[in-house]
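Could you build all of it, start to finish, from the sequences and the hints given here?
Chain by chain, the residues:
Number of protein chains: 2
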Amino acid sequence: MSTKNCNERTLMDYCPDIKVLDCTMRDGGLVNNFAFTDEFVKDLYQANIKAGVDYMEFGYKASKEQFDPKEFGKWKFCNEEDIRAIVGENDSPLKISVMADVGRCDYKKDILPKKDSVIDMVRVATYIHQIPAAIEMIEDFKKKGYEVTVNIMAVSKVNTDDLDAGLKLLARSSVDAIYLVDSFGYFYPEQITKLAKKYVDIAEASGKVVGIHAHNNQQLAFANTIEACRNGVSLLDATVSGMGRGAGNCFMESLLSFLKNPKYNETPIIDFVEKHMLKIKEEGAVWGYDIPYLLTGILNSHPSTAINFIKDKRTDYGKLRQELMDME
Amino acid sequence: MSTKNCNERTLMDYCPDIKVLDCTMRDGGLVNNFAFTDEFVKDLYQANIKAGVDYMEFGYKASKEQFDPKEFGKWKFCNEEDIRAIVGENDSPLKISVMADVGRCDYKKDILPKKDSVIDMVRVATYIHQIPAAIEMIEDFKKKGYEVTVNIMAVSKVNTDDLDAGLKLLARSSVDAIYLVDSFGYFYPEQITKLAKKYVDIAEASGKVVGIHAHNNQQLAFANTIEACRNGVSLLDATVSGMGRGAGNCFMESLLSFLKNPKYNETPIIDFVEKHMLKIKEEGAVWGYDIPYLLTGILNSHPSTAINFIKDKRTDYGKLRQELMDME
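If you read the sequences in order, they're chains A and B.
Once you know that position 160 of the first sequence is 177 in our numbering, the rest is easy, because the numbers rise by one and skip nothing.
Once you know that position 1 of the second sequence is 18 in our numbering, the rest is easy, because the numbers rise by one and skip nothing.
Misleading hints may appear alongside valid ones.
Which copy? The list can't say, so a pair holds if one copy fits it or any two copies do.
[As the list claims (entries may be wrong)] Taking lysine-lysine pairs in the DSS-like style, the calculated list, with each CA pair at most 27 angstroms apart, reads:
1. K298 to K330
2. K91 to K81
3. K36 to K59
4. K336 to K67
5. K336 to K280
6. K36 to K214
7. K277 to K211
These aren't lab readings, by the way, just hints derived from the structure by calculation.
Treat the numbers as computed from the prediction; the structure is a model and nothing was measured.
This is the structure:
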């Protein structure tokens, strides 16, 4: 992974170091229990290639001892043969990633040596207090031959001293990229600027790059993603139509139309929306900005309360706010 | 109107010069042909007072010679008696505004002297080439005793020389505030920064303030509004649930939760959403982010093509894109 950042990130220019990662199946999988049809996955793979997307995340590498494969779609586990059934040997410029949660992945067994896998990159998702465990995983994956990122979740709940200490530990690890993750959709662009600068300073000093993964609780996922980009973050997560847990993510179609590198093209993604996303919504998948997510966002809370509120078809927002305040 | 801006607009502080304007009935009226029930309007008026909103725009002062009152709801015309039926003498801190379009308003007749009206502010909406006509209206309204703003529409289509010339003319007028208007939802935050600084420099030098009115085509209305605010813009437009033409506007509930002045409170607005906005959507009013508006936004086009596309229940986005490109 290149660590070279463009000096001047102006709107009309583009920076070759910027990479886009599609995590529709991973974050969107949390919406529909990973029940994507093979046609959906094949078409998304082709759309991403045509659109110039750099990485496509197929899902999680979850432990089959902790999670019953009968209860989830196959992309919760991302078996090697399931990915290959879609991509073959992946003879394309699109790289493939999977996510491995600290404590929820039998990684020693389930992450194969790179030479036996079509996967290019493993993303380690960690809470701040799990960073030592995350580093064990990072080193294992690097030794196996993968590109590796680390995604520190729920940073809006982490105090600055702990974050600084965690970032320092990660800077000393072999990880290629460190992700700024706004799990709760809490941050405003001006906070993202500050955090992005902090992450970029620490990462660059140790030859790493920084990524951003934003949530749309306050309709700021896209704005925060391009704000981070403006401040040197170079690995940008997005999902088609923003599909992702709760309020969802940065919209891929917006991000690609923003980026000026001529290799990016939002049209194949918009065609994919027409063919698949309208249907998936009609069939009942629910995500995207709504008042309950605004409330969890501004109150810096996990979206699960809002997800259940919406699932129960409740609209008593005042009561939800009270419930959230009681949980603080 | 105070021209004094806060020096340091940090997130945790607040600036007493910031004012919030609710234009749900005016921009939202373009969605439902101004057919709001009296209960809706009365509840919105009360919600705005409780929420600390500074101005509430009731609608347009449209010419009854050009527009047949039988074809529109009453808030297209904002008769004095209709406003008074809601607010009485408006014994509240909430000020009342109306919009007057250049060339579509019999303003000499229809805008009464302030002493005979419960309206506090008139907002003059103008295209760049109409600025001399706008200035005639501004001077008339100022003489009649109103606060007056001027809203230069479709700025994303205006070349910089013309904009500079127009702003200079307006700086010499008696207008109190000049609005930066992103009619097509075209601008990214970094462009808003640049424009906001330009407007603020010119306005402050002549003792005026600057406002912002954003559209949500790229889901950036809220982000652009707070970005403008960060750069000295002090009159912030928003609508409940973003209700407004096409992709709609900056969400009032997001904006109020962002602002740190303790006088602002988003809860009365969220209660209003629960009571009225869910119903108005169920009854068929359509607005808000959607792919067709993304396309008109990124192509810097008027939203009307997208509005018709959605009204016709079309989803052939590729064809829409082609149609929009052919119109360039």
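Quick rundown of the hints versus the structure:
In this assembly of identical chains, the alpha carbons of K298 and K330 lie at most 27 angstroms apart whether taken from the same copy (16 angstroms) or from different copies (16 angstroms). Taking CA atoms no more than 27 angstroms apart as the test, K91 paired with K81 passes inside one copy only; the shortest distance there is 11 angstroms, against 63 angstroms between copies. Taking the closest pair of Cα atoms, K36 and K59 come within 27 angstroms of each other only inside a single copy of the chain (21 angstroms); across copies the shortest separation is 50 angstroms, beyond that limit. For a Cα distance limit of 27 angstroms, the shortest separation of K336 from K67 across copies, 18 angstroms, qualifies, whereas the shortest one inside one copy, 46 angstroms, does not.
For the homomeric pair K336 and K280, the shortest alpha-carbon distance between copies (22 angstroms) is at most 27 angstroms, but the shortest distance inside one copy (48 angstroms) is not. In this assembly of identical chains, the alpha carbons of K36 and K214 lie at most 27 angstroms apart only when taken from the same copy (18 angstroms versus 31 angstroms across copies). In this homomeric assembly, K277 and K211 come within 27 angstroms of each other (Cα to Cα) both inside a single copy, at 24 angstroms, and across copies, at 19 angstroms.
In terms of the numbered hints stated before, the structure departs from none.
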